[in-house]
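There are 2 protein chains.
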Amino acid sequence: MNYGVAAFPSKKLQDLANSYRKRYDPHYELITPHMTLKGPFEADASTIKDVAAEMQNIAKRQKPFKLHATRVSTFSPVTNTLYFKVEPNAEIAALHEDLHSDFFGGMPKHSFVPHITIGQKLSDTEHADVFAQLKMAGIDHEEVIDRMHLLYQLEDGSWTVYETFRLTGDDQ
Amino acid sequence: MNYGVAAFPSKKLQDLANSYRKRYDPHYELITPHMTLKGPFEADASTIKDVAAEMQNIAKRQKPFKLHATRVSTFSPVTNTLYFKVEPNAEIAALHEDLHSDFFGGMPKHSFVPHITIGQKLSDTEHADVFAQLKMAGIDHEEVIDRMHLLYQLEDGSWTVYETFRLTGDDQ
Numbered sequence: 000m001n002y003g004v005a006a007f008p009s010k011k012l013q014d015l016a017n018s019y020r021k022r023y024d025p026h027y028e029l030i031t032p033h034m035t036l037k038g039p040f041e042a043d044a045s046t047i048k049d050v051a052a053e054m055q056n057i058a059k060r061q062k063p064f065k066l067h068a069t070r071v072s073t074f075s076p077v078t079n080t081l082y083f084k085v086e087p088n089a090e091i092a093a094l095h096e097d098l099h100s101d102f103f104g105g106m107p108k109h110s111f112v113p114h115i116t117i118g119q120k121l122s123d124t125e126h127a128d129v130f131a132q133l134k135m136a137g138i139d140h141e142e143v144i145d146r147m148h149l150l151y152q153l154e155d156g157s158w159t160v161y162e163t164f165r166l167t168g169d170d171q
Numbered sequence: 000m001n002y003g004v005a006a007f008p009s010k011k012l013q014d015l016a017n018s019y020r021k022r023y024d025p026h027y028e029l030i031t032p033h034m035t036l037k038g039p040f041e042a043d044a045s046t047i048k049d050v051a052a053e054m055q056n057i058a059k060r061q062k063p064f065k066l067h068a069t070r071v072s073t074f075s076p077v078t079n080t081l082y083f084k085v086e087p088n089a090e091i092a093a094l095h096e097d098l099h100s101d102f103f104g105g106m107p108k109h110s111f112v113p114h115i116t117i118g119q120k121l122s123d124t125e126h127a128d129v130f131a132q133l134k135m136a137g138i139d140h141e142e143v144i145d146r147m148h149l150l151y152q153l154e155d156g157s158w159t160v161y162e163t164f165r166l167t168g169d170d171q
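In order, the protein sequences belong to chains A and B. Just so we're aligned, residue 0 is where the first sequence starts under numbering that gives the first Met the number 0, counting upward by one. Just so we're aligned, residue 0 is where the second sequence starts under numbering that gives the first Met the number 0, counting upward by one.
This is chain A alone, in the form it adopts within the complex (with noise of 0.2 Å):
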């Protein structure tokens, strides 16, 4: 079973990139929109309480954070993907790489660039188009997170909350 960790940002927020994602992005439908804390791991219907739990000691030891959208960008050329880039921080930074320890198979090999996919999937000349005209709009909105949600996927591709955890810092 894939599971997954996510923040869902304010309506405000998700309401702004379901307008781009509705016709730029074919995962619409699959999950509201997010940023990815920890992507896709494979975890079987028993690990998964080892891994809540573990999830429930993080979020003991991390603090809410400010997510900062500051603008669009892409991750042309390795994939045609429009996102909100997020302003990294030591916050968001920390959180990541708490969900990324051992017990949690290490650090991913490429470097970690907070974002919300608003795009993705698109042909060249599409996301050349796309990008221009979404550069141009721009995004300017910073709000705080304070939860964090472990998340696994059906069948069909969609994903489904199977818990969230407030970021409290209480045993900083």
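For the record, the hints were derived by calculation from the structure and aren't laboratory data. This structure is a prediction, so every number in the text was calculated from the model and none was measured. Honestly, I wouldn't trust all of these hints.
Chain copies aren't distinguished; within one or between two, either way the pair holds.
Derived DSSO-like pairs: lysine-lysine, alpha-carbon spacing no greater than 27 Å straight-line [claimed, not checked]:
#, residue 1, residue 2
1, K120, K21
2, K48, K10
3, K134, K120
4, K11, K48
5, K59, K48
For chain A, the structure is supplied; the task is to place chain B on it using the hints.
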């Protein structure tokens, strides 16, 4: 903003429900398969913290419950909605009642029929056809649900999980 409270069953039961919903439920893309515990209600962003706090109290009072889906049924002639009937039991009734206290505006007008929707907004002919088929296919699935989710609705109609609450019954 619209809020609601639901329980999401296991991946197995969700996958089964989705195999029908994909064809027969126009809300298929808006939310994954679920049992509604409290239908949509209005609250603004400031109130929701109080709602979440009250749900935390409820989660301490209420125990995990058995979800036993026993057959395919219909809300016809009221609406052409097909669903997995969930056997009522004391735990489900108590949880539902606690979610409709005076704090939440009291009990709903209609009696509570625990269910997981698998088809809706069908024409009369389609409803009759599909119901005949699915009644034959039937369902007999039992599991324990130990959590409930508070959700809110985005402008496009889709639902995002705000928070999960584990039913512990610790305060009983």
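Verification of the supplied hints:
For a Cα distance limit of 27 Å, the shortest separation of K120 from K21 qualifies both inside one copy, at 13 Å, and across copies, at 23 Å. For the identical chains of this complex, K48 and K10 are inter-copy neighbours only, at 15 Å across copies versus 29 Å inside a copy, given an alpha-carbon limit of 27 Å. In this assembly of identical chains, the alpha carbons of K134 and K120 lie at most 27 Å apart only when taken from the same copy (18 Å versus 40 Å across copies). For a Cα distance limit of 27 Å, the shortest separation of K11 from K48 across copies, 17 Å, qualifies, whereas the shortest one inside one copy, 32 Å, does not.
With identical chains, the CA atoms of K59 and K48 are at most 27 Å apart both within one copy (17 Å) and between copies (19 Å).
Of the numbered hints listed earlier, not one is contradicted by the structure.
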